[in-house]
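2 protein chains.
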Amino acid sequence: MYRSHTNGELRASHIGQEVTLAGWVQANRKISANLLFVDLRDRYGITQLNFTDDSTSDVENSLISRASKLGREFVIQVKGTVIERSSKNDNIPTGEIEIKVSELLVLNAAKTPPFTIEDDTDGGEELRAQYRYLDLRRNPVQQKLRLRNHVALETRKFLDSKGFLDVETPYLIKSTPEGARDFVVPSRMNQGEFYALPQSPQTFKQLLMVSGFDRYYQIVKCFRDEDLRADRQPEFTQIDCEMAFVEQEDILNMFEGLIKHLFQTVRGITFEGDFPRMTYAEAMEKYGSDKPDIRFGMEFTDLKTLSAGKGFSIFDNAEAVIGIAVPGASEYTRKQLDEITDWVKRPQIGALGLIYVKCNADGTFKSSVDKFYDEAALKTWAEASGAKAGDLIFVLSGELDKTRKQMNELRLRMGTELGLRKPDDFKPLWVLDFPLLEWDENSGRYHAMHHPFTSPKPEDFSLIDTEPGKVRANAYDLAMNGVELGGGSIRIHDRALQSRMFELLGFTPEQAQEQFGFLLNAFEYGAPPHGGLAFGLDRLVATMGGSDSIRDYIAFPKNNSGRDVMIDAPSVIDEAQLKELGIKL
Amino acid sequence: MYRSHTNGELRASHIGQEVTLAGWVQANRKISANLLFVDLRDRYGITQLNFTDDSTSDVENSLISRASKLGREFVIQVKGTVIERSSKNDNIPTGEIEIKVSELLVLNAAKTPPFTIEDDTDGGEELRAQYRYLDLRRNPVQQKLRLRNHVALETRKFLDSKGFLDVETPYLIKSTPEGARDFVVPSRMNQGEFYALPQSPQTFKQLLMVSGFDRYYQIVKCFRDEDLRADRQPEFTQIDCEMAFVEQEDILNMFEGLIKHLFQTVRGITFEGDFPRMTYAEAMEKYGSDKPDIRFGMEFTDLKTLSAGKGFSIFDNAEAVIGIAVPGASEYTRKQLDEITDWVKRPQIGALGLIYVKCNADGTFKSSVDKFYDEAALKTWAEASGAKAGDLIFVLSGELDKTRKQMNELRLRMGTELGLRKPDDFKPLWVLDFPLLEWDENSGRYHAMHHPFTSPKPEDFSLIDTEPGKVRANAYDLAMNGVELGGGSIRIHDRALQSRMFELLGFTPEQAQEQFGFLLNAFEYGAPPHGGLAFGLDRLVATMGGSDSIRDYIAFPKNNSGRDVMIDAPSVIDEAQLKELGIKL
Numbered sequence: 001m002y003r004s005h006t007n008g009e010l011r012a013s014h015i016g017q018e019v020t021l022a023g024w025v026q027a028n029r030k031i032s033a034n035l036l037f038v039d040l041r042d043r044y045g046i047t048q049l050n051f052t053d054d055s056t057s058d059v060e061n062s063l064i065s066r067a068s069k070l071g072r073e074f075v076i077q078v079k080g081t082v083i084e085r086s087s088k089n090d091n092i093p094t095g096e097i098e099i100k101v102s103e104l105l106v107l108n109a110a111k112t113p114p115f116t117i118e119d120d121t122d123g124g125e126e127l128r129a130q131y132r133y134l135d136l137r138r139n140p141v142q143q144k145l146r147l148r149n150h151v152a153l154e155t156r157k158f159l160d161s162k163g164f165l166d167v168e169t170p171y172l173i174k175s176t177p178e179g180a181r182d183f184v185v186p187s188r189m190n191q192g193e194f195y196a197l198p199q200s201p202q203t204f205k206q207l208l209m210v211s212g213f214d215r216y217y218q219i220v221k222c223f224r225d226e227d228l229r230a231d232r233q234p235e236f237t238q239i240d241c242e243m244a245f246v247e248q249e250d251i252l253n254m255f256e257g258l259i260k261h262l263f264q265t266v267r268g269i270t271f272e273g274d275f276p277r278m279t280y281a282e283a284m285e286k287y288g289s290d291k292p293d294i295r296f297g298m299e300f301t302d303l304k305t306l307s308a309g310k311g312f313s314i315f316d317n318a319e320a321v322i323g324i325a326v327p328g329a330s331e332y333t334r335k336q337l338d339e340i341t342d343w344v345k346r347p348q349i350g351a352l353g354l355i356y357v358k359c360n361a362d363g364t365f366k367s368s369v370d371k372f373y374d375e376a377a378l379k380t381w382a383e384a385s386g387a388k389a390g391d392l393i394f395v396l397s398g399e400l401d402k403t404r405k406q407m408n409e410l411r412l413r414m415g416t417e418l419g420l421r422k423p424d425d426f427k428p429l430w431v432l433d434f435p436l437l438e439w440d441e442n443s444g445r446y447h448a449m450h451h452p453f454t455s456p457k458p459e460d461f462s463l464i465d466t467e468p469g470k471v472r473a474n475a476y477d478l479a480m481n482g483v484e485l486g487g488g489s490i491r492i493h494d495r496a497l498q499s500r501m502f503e504l505l506g507f508t509p510e511q512a513q514e515q516f517g518f519l520l521n522a523f524e525y526g527a528p529p530h531g532g533l534a535f536g537l538d539r540l541v542a543t544m545g546g547s548d549s550i551r552d553y554i555a556f557p558k559n560n561s562g563r564d565v566m567i568d569a570p571s572v573i574d575e576a577q578l579k580e581l582g583i584k585l
Numbered sequence: 001m002y003r004s005h006t007n008g009e010l011r012a013s014h015i016g017q018e019v020t021l022a023g024w025v026q027a028n029r030k031i032s033a034n035l036l037f038v039d040l041r042d043r044y045g046i047t048q049l050n051f052t053d054d055s056t057s058d059v060e061n062s063l064i065s066r067a068s069k070l071g072r073e074f075v076i077q078v079k080g081t082v083i084e085r086s087s088k089n090d091n092i093p094t095g096e097i098e099i100k101v102s103e104l105l106v107l108n109a110a111k112t113p114p115f116t117i118e119d120d121t122d123g124g125e126e127l128r129a130q131y132r133y134l135d136l137r138r139n140p141v142q143q144k145l146r147l148r149n150h151v152a153l154e155t156r157k158f159l160d161s162k163g164f165l166d167v168e169t170p171y172l173i174k175s176t177p178e179g180a181r182d183f184v185v186p187s188r189m190n191q192g193e194f195y196a197l198p199q200s201p202q203t204f205k206q207l208l209m210v211s212g213f214d215r216y217y218q219i220v221k222c223f224r225d226e227d228l229r230a231d232r233q234p235e236f237t238q239i240d241c242e243m244a245f246v247e248q249e250d251i252l253n254m255f256e257g258l259i260k261h262l263f264q265t266v267r268g269i270t271f272e273g274d275f276p277r278m279t280y281a282e283a284m285e286k287y288g289s290d291k292p293d294i295r296f297g298m299e300f301t302d303l304k305t306l307s308a309g310k311g312f313s314i315f316d317n318a319e320a321v322i323g324i325a326v327p328g329a330s331e332y333t334r335k336q337l338d339e340i341t342d343w344v345k346r347p348q349i350g351a352l353g354l355i356y357v358k359c360n361a362d363g364t365f366k367s368s369v370d371k372f373y374d375e376a377a378l379k380t381w382a383e384a385s386g387a388k389a390g391d392l393i394f395v396l397s398g399e400l401d402k403t404r405k406q407m408n409e410l411r412l413r414m415g416t417e418l419g420l421r422k423p424d425d426f427k428p429l430w431v432l433d434f435p436l437l438e439w440d441e442n443s444g445r446y447h448a449m450h451h452p453f454t455s456p457k458p459e460d461f462s463l464i465d466t467e468p469g470k471v472r473a474n475a476y477d478l479a480m481n482g483v484e485l486g487g488g489s490i491r492i493h494d495r496a497l498q499s500r501m502f503e504l505l506g507f508t509p510e511q512a513q514e515q516f517g518f519l520l521n522a523f524e525y526g527a528p529p530h531g532g533l534a535f536g537l538d539r540l541v542a543t544m545g546g547s548d549s550i551r552d553y554i555a556f557p558k559n560n561s562g563r564d565v566m567i568d569a570p571s572v573i574d575e576a577q578l579k580e581l582g583i584k585l
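Here the protein sequences come in this chain order: A and B.
For the first sequence, position 285 matches number 285 in the numbering used here, and the numbering has no gaps at all.
For the second sequence, position 115 matches number 115 in the numbering used here, and the numbering has no gaps at all.
Just so you know, these hints were derived from the structure itself, not from any lab.
Some hints here could point you the wrong way.
The list makes no distinction among identical chains, and a pair is therefore deemed to hold if it is satisfied within one copy or across any two copies.
Here are the simulated BS3-like pairs of lysine-lysine, each with C-alpha atoms no more than 27 Å apart in a straight line [as the list claims (entries may be wrong)]:
no.	residue 1	residue 2
1	LYS221	LYS162
2	LYS79	LYS162
3	LYS260	LYS157
4	LYS457	LYS79
5	LYS345	LYS286
6	LYS30	LYS111
7	LYS221	LYS157
8	LYS304	LYS579
Looking at chain A on its own, in the form it has when it is part of the complex (with noise of 0.2 Å):
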């Protein structure tokens, strides 16, 4: 070993001790000409090193002066005894003691690198994604990774203590009919022939299920070829679980165990009684979205019919019109106001426009439609939507859909702005009964919501012939602060509704049987009822970590071009490789 304790681990008791230590120079003081003071650093913490003067008759190569050369990074070993500091330092633990260097020896010189490896770097975002190896010696950076290591491990003994089993799902799997966002893999020995990384392993947990497992699950990577954004990757984790032999109701309560039990303890965070629950009508009623963060209010009012009639042709001709009440915002400036209206007009969101009404501290009411709505209608409105003196009222109006999104990204905007967001503030919420089915404008067909193997609810059976739109499923989440952590379903197990669920895709027989026979031949030897659920391990850790942006909590991200800049990847290939897969660019 390089060392004999960790540079976390000394303490006064440890006084007199003859001690090795390893680590990085996080900073060199040159205090006088006979002392000298440097910071060791590694991943538990900073111990302090005295060098002083040891009056050898070879100056040059006196401890103190080849101390003096230690430049930040370097990577060192010395030996010394742990003595009492002068100056304690309470800010950090090994803050009483400091080290008297007998011994110094550079086991790796540094170039100074590139930003400040500290709390507060000096590095902009693309040269640390570049130097990735040097930002993951940051602090801040080191405690995510830390947190998501504590989170998985946390997951897999809760879940070993429920019994379920850690079975790994194979990688190279078969292409699906949505392939267009699988990532493919040529085969060598079956040329022309591809694998596809999976999107879940849903078919393999499915299968597990069959096969009397009982209770599976897995951390494990999934891969999905589309277009990046800030909050999603080319690969991903999920905490991919499915039970047999179980309802709904079972499920929502393993899973709300276990996310109780991260937060208690990971976080030291308890969750009094049972999470909140809405359905997937009502969230998007309230919110306008299927995961509301309900730190806050500001829920939802619906003022189409008190909004009526008045010869306000907007309102009069829109689907629907929608208000919020904004807590003490009655006093927002014109010039706060048009930004705003400009913010939510832009294409983004892409609201026709913002009607605001002041709910002024004095009782009396101003907005923006005062042509058509004299102060006893918009007094209607603030009661209807709760606002009271001092606050401000939002309206928007249009198609349902629409203007639920646009409101609902002002409604997020506006709990950002009067910091009603608070990172250590964790509100989870189950929403449930989610539809079956969305219909798809550019192919014309329906989609499945979460995934062709969700089952219809039963009290909803017999809308699959006649109203397949408004079939729900027996589908729900788990948001928390406006995130989904998760999701799932409980599955269909019978050949026959499943094979129906293909045709409303619209599968012909022959496809469905193609691409998924495994799965319904495996349903007629005798197939449980079951059901499972997924969730994000890269949002669940940064929502715990409170942040929203999961690229912290990946070790090596890609960027949004699904680029690697560090090691340079994707990269191109030679020809000979190409040929011997069989194919060409």
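Given chain A, put chain B in place with the hints provided.
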């Protein structure tokens, strides 16, 4: 929940309780018109269901009539009372009780499975692979995957207790120059470029050491596009570990501790004392293998000198003459000896012939080379090889390396034949001091024996420029029972030495920088001394399970053509998708 208890849970203490059970019909035995037994199975065990005539007027729909129609593998739910069994079954934990059934619900019917779901199934290998989800229902197969789950979890617990952090490394990485073994993934966002799937996270874990993570582990899938064998899958799982500020001794101690922990917790087996160690040179000399099975003797004896000068030109002209003493085999028949001779002459082994010496029980000797060697000469062979009366000596000759390989095969075969390779006997062995390089005749250059990041032994530094083939590495393997469980090395952490290593391997400086610039650069910013090790999880669990078929320990394995016959992968993908990826066939 579909059940109040599992099928492995009920005991005499539950007698009188109303319970609900669910599971698969294992067997259905009609005892009489009034009595029928069903064995109900799940992962946890088997419970006997007792159906008696409930004297309903509707005979067709009576419980017993409906139960009589339950086929094997039907999924059912029953309600009933726990009663004492009239004839106990000591072979199963639930053998004292049975369920007097009051309600029966068929959750899913089943076709007759293509093979029996029993410990000794009647299904052949191919059929079981095609219906893997049914094969996975069999108890011995479930036990293997439970063993795997247990090993993985205990690995995590042990490494966590030693301060190792589980850090995920990317799956979509950069293709390496030894790219022929890489699976590649065409990038849609960066057309014409390819990611590679990792053969191991080697460079990433080294970067984590440069980042100061100090102790890293990951249980991670790796990929190699090689022609397959029974013990090799295109995707395989590694327990991948790395430590900073360590020497070889620290790593050996740490992972010897892990293996001891795993055998103790998973198999209840205690290893006394330290694992034995042997240099690579000694292993090759004594066993002709770098992963010797030391459960039995039959060590190699060098007979070159003893056999020389007696006119037997085959031996006189051979680089090596190697013998082994096979215990108690002196009475092998001519037919047996001919069969073994034919076996070593098969192209897979490639010996030109096989010489034997029978050390008869009466003290005389009889050999296939009596013409050249008299009894006195043969006696010296027996003494040298430790053959006693009743033993048989086999001798092979030829080029040193080839003869050692051939004799290794023969030794293992004889060990198996004589029952000396007991599946429940576990004999670990550290093999140390592997050569740094091996000469490759085909390419006319050196290859890295372990990988290009392995450090030469400091005492051999001077040989690098003069006799690179003689340089030994700080590299080590852990062998057990003739299987390489894992291996690793102390890594190079110095840019100049790493560059020299790439040069030895035939890289130009430009190629080295192009391919591994990120690592070479990282070494300039303060890289600590570090080293690590990786175990093959598939091989480890198979070895711990006493089997040499790793495929049995993988939930969804691929066949020798790299195909998953169950899901029929790989498969063709459509033109549109190829076009999106910018590739053609």
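So, going through the hints one by one against the coordinates:
no.	hint	in the structure
1	LYS221 with LYS162	both (23 Å within a copy, 25 Å between copies)
2	LYS79 with LYS162	between (49 Å within a copy, 24 Å between copies)
3	LYS260 with LYS157	both (13 Å within a copy, 21 Å between copies)
4	LYS457 with LYS79	between (70 Å within a copy, 24 Å between copies)
5	LYS345 with LYS286	within (22 Å within a copy, 80 Å between copies)
6	LYS30 with LYS111	within (20 Å within a copy, 83 Å between copies)
7	LYS221 with LYS157	both (19 Å within a copy, 21 Å between copies)
8	LYS304 with LYS579	neither (64 Å within a copy, 48 Å between copies)
The earlier numbered hint that this structure contradicts is number 8, and it is the only one.
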